[in-house]
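> As a plain string of letters, each chain reads:
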Amino acid sequence: MSTREEAKEGAAPPTVAEASAEAAGAGAAKPGLLAHLLGIFVIYHLAAVVIQAIPDPGVGLRRSAWREPTVQQEFKVWAEFFSGFGREVTVDELQDRLWTIAKGFTDGRAALAKPFGPYAHYIGVRQPWRMFVAPHRFPTALVIDVQEGDTWRVVYADRSTEHTWRERTFSHDRMRAAIFRYGWPGYSGIYRDFSRWIAGMAAADFPEASHVRVRMFKRRSPTPEEVREDRVPKGESIYPMTIPLEAWR
Amino acid sequence: MRRSWAAWLAILGRREGGASLAVFRIITAAALIYNLVPAILRGLVEVLWVDAQYGGGYRPLSGAGSWLVSLLGGPTPAVVWSLVGVTLVAGVVLLVGAGGRIGGRLVALVALQGMFAISMINGDAKGSYDALLCNSLWLLVLGDGTATLSLDARRRGGRWRSDLAVAAWPRYLVIAQIIAVYASTGLHKVSAFWLPMGGYTALYYILLQPTWHRWEMYWIAWVFPLTQVLTALTWIWEVSFPLVGLYLYLRQRPGKGGRLRRLITRWDLRTPYVLFGVSMHLMIFLLMEVGPFSFITLAYYPCLYRPEELRRAAAWIGARLRRLRGVGSASSAA
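Chains A and B supply the protein sequences, listed in that same order. Just so we're aligned, residue 150 is where the first sequence starts under the numbering used here, counting upward by one. Just so we're aligned, residue 4 is where the second sequence starts under the numbering used here, counting upward by one.
None of these hints come from the bench; they were simulated from the model. Please read these numbers as outputs of a predicted model, since none were measured by experiment. The beta carbon of each residue, even a glycine, is placed where N, CA and C say it ideally should be. Treat the hints with caution; some may be incorrect.
[To be verified] Residues of chain B clear of chain A, computed beta-carbon distances all greater than 12 Å:
no. : residue
1   : Gly16
2   : Gly77
3   : Val92
4   : Thr230
5   : Ser243
6   : Arg254
7   : Arg256
8   : Arg262
9   : Phe279
10  : Ala317
11  : Arg325
12  : Ser332
[Claimed, not checked] Per the computed footprint, the stretches of chain A lying under chain B, defined by three or more beta-carbons under 8 Å from a beta-carbon of chain B, are:
no. : region
13  : 180 to 188
14  : 201 to 214
15  : 222 to 229
16  : 253 to 267
[Stated by the list, open to error] Taking CB as the label site, the calculated pair distances span:
no. : chain 1 : residue 1 : chain 2 : residue 2 : range
17  : A       : Trp248    : B       : Glu292    : 44 to 52 Å
18  : B       : Leu74     : A       : Leu195    : 27 to 35 Å
19  : B       : Ile267    : A       : Gly349    : 41 to 49 Å
20  : B       : Glu219    : A       : Phe231    : 31 to 39 Å
21  : B       : Gly46     : A       : Leu195    : 37 to 45 Å
Isolated chain A, as found in the complex (with noise of 0.2 Å):
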């Protein structure tokens, strides 16, 4: 039935007028079992909500990452933040510690949530919001270079305005979140899928190379006055995957 029939037919759920007035002269009436078990309802989804954005130490709690310079970084501002209070703290001392503190806590917070589960699982009510917890201090960027003779040249350098080979491709937010973690430690396997990808689809566009090279250039992030005093820091190639592209031909 459609919804202009059932207002001809008087079906219609109330104006917000008669639904006022509705609730004025309802002061008595007993909320029946759909009420109550609306009323359970949202306090289950409101506690799934709530839980689950507790945050969540484990989806970082990996020992390679933390030995990532802009991991190793904060753990050395914060040392010497907690030595301030009078017992020096060092650096290793402070990530033992605090490694079993997020283990505890992972584990506390996977038992809260764990009765909300099937409800993230099956409905899609999750509440992953980890954004922009630190900044990237030694962030990486890919570059791609193929071979042509015994040269070789850069075809794609992320936000370049020069090399822009595959720029609508690699540009795009989701593939810079996935090319953003793959400069991390612990997604090797990917990478090397993701490189072989960009070697076939190099083979095509540049039939004169012979190879291409994938890699990650990262750089410590200049200080506001290495920016004005014009020093940015060098950087380097890590991560390289040099791939011939005769078995695409």
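Place chain B on chain A using the hints.
Relative to chain A, chain B alone:
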């Protein structure tokens, strides 16, 4: 206990106009479309979401995705394209607000399950905006977002607007959701660089990250103190956002209670929080490429206001615009 439960059920029994939820529906649907169309236009659907073994993507994705993808047989090109197509159509239907009270909710459910399924296929290429969008769509399943400003309203009464009352509790859940988002993201920011010990340098360094910025941002070194102030304000704004919820709860009984209640309800806390939030999201949109997150977040703001407040605001803006137009035509006539 019994009285508290009765009070709780009374809150859930409240009804109000549907404008706030309708605006929420429209912006959410537009954000859903915006979330998918660029990926389609850039030829990324198969790259991102089809398992490499089927010749589409760049990585193996067998066993990935939501329960729906598993049920449909995994991320094959046919499954992924069907999900994208159905979700997009559901997004358009949601945007125009068709389907009636039940059908409109079913459309939101289809959009939700489609978007959820797609976004869970490739975990490396998903963002928090996917989760926020799914939460928004679930809230549109729970609430009647098509009562007004919709094709349904037009078919029913010949006007786009309608006075039909809807349950108020879904709007309260929208408010709870946005409070959870901001408070949680603020509490996640445990980096020293968001705090005094790191010199409030977080925003400065985040804006230099090549992954997120729209263009090279070294120029911000010359406005570094401003980035420090904004770092501090952003963190405080996020972790204190639950105050908006507290204000909305306490103001229901103005004049009652103690000093704290009077203090919190003295000014409309929503105004400064909304102004800062809108400015922050606009700035993020201008300077960074982080997908449709800002867009989706802004859908939540109208629900901080009761429908009659939104109507008053719309009337006020309309009157100002008419007056401006009147001044403009008078000066051109002169």
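> Take the hints in turn and mark each one as holding or not.
Now the hints, each set against the structure:
{"no.": "1", "hint": "Gly16", "verdict": "7 Å, violated"}
{"no.": "2", "hint": "Gly77", "verdict": "17 Å, holds"}
{"no.": "3", "hint": "Val92", "verdict": "19 Å, holds"}
{"no.": "4", "hint": "Thr230", "verdict": "9 Å, violated"}
{"no.": "5", "hint": "Ser243", "verdict": "15 Å, holds"}
{"no.": "6", "hint": "Arg254", "verdict": "19 Å, holds"}
{"no.": "7", "hint": "Arg256", "verdict": "17 Å, holds"}
{"no.": "8", "hint": "Arg262", "verdict": "27 Å, holds"}
{"no.": "9", "hint": "Phe279", "verdict": "16 Å, holds"}
{"no.": "10", "hint": "Ala317", "verdict": "16 Å, holds"}
{"no.": "11", "hint": "Arg325", "verdict": "26 Å, holds"}
{"no.": "12", "hint": "Ser332", "verdict": "36 Å, holds"}
{"no.": "13", "hint": "180 to 188", "verdict": "holds (count 5)"}
{"no.": "14", "hint": "201 to 214", "verdict": "holds (count 3)"}
{"no.": "15", "hint": "222 to 229", "verdict": "holds (count 4)"}
{"no.": "16", "hint": "253 to 267", "verdict": "violated (count 0)"}
{"no.": "17", "hint": "A/Trp248 <-> B/Glu292: 44 to 52 Å", "verdict": "34 Å, violated"}
{"no.": "18", "hint": "B/Leu74 <-> A/Leu195: 27 to 35 Å", "verdict": "29 Å, holds"}
{"no.": "19", "hint": "B/Ile267 <-> A/Gly349: 41 to 49 Å", "verdict": "60 Å, violated"}
{"no.": "20", "hint": "B/Glu219 <-> A/Phe231: 31 to 39 Å", "verdict": "36 Å, holds"}
{"no.": "21", "hint": "B/Gly46 <-> A/Leu195: 37 to 45 Å", "verdict": "41 Å, holds"}
Of the numbered hints stated above, those contradicted by the structure are hints 1, 4, 16, 17, 19, listed in ascending order.
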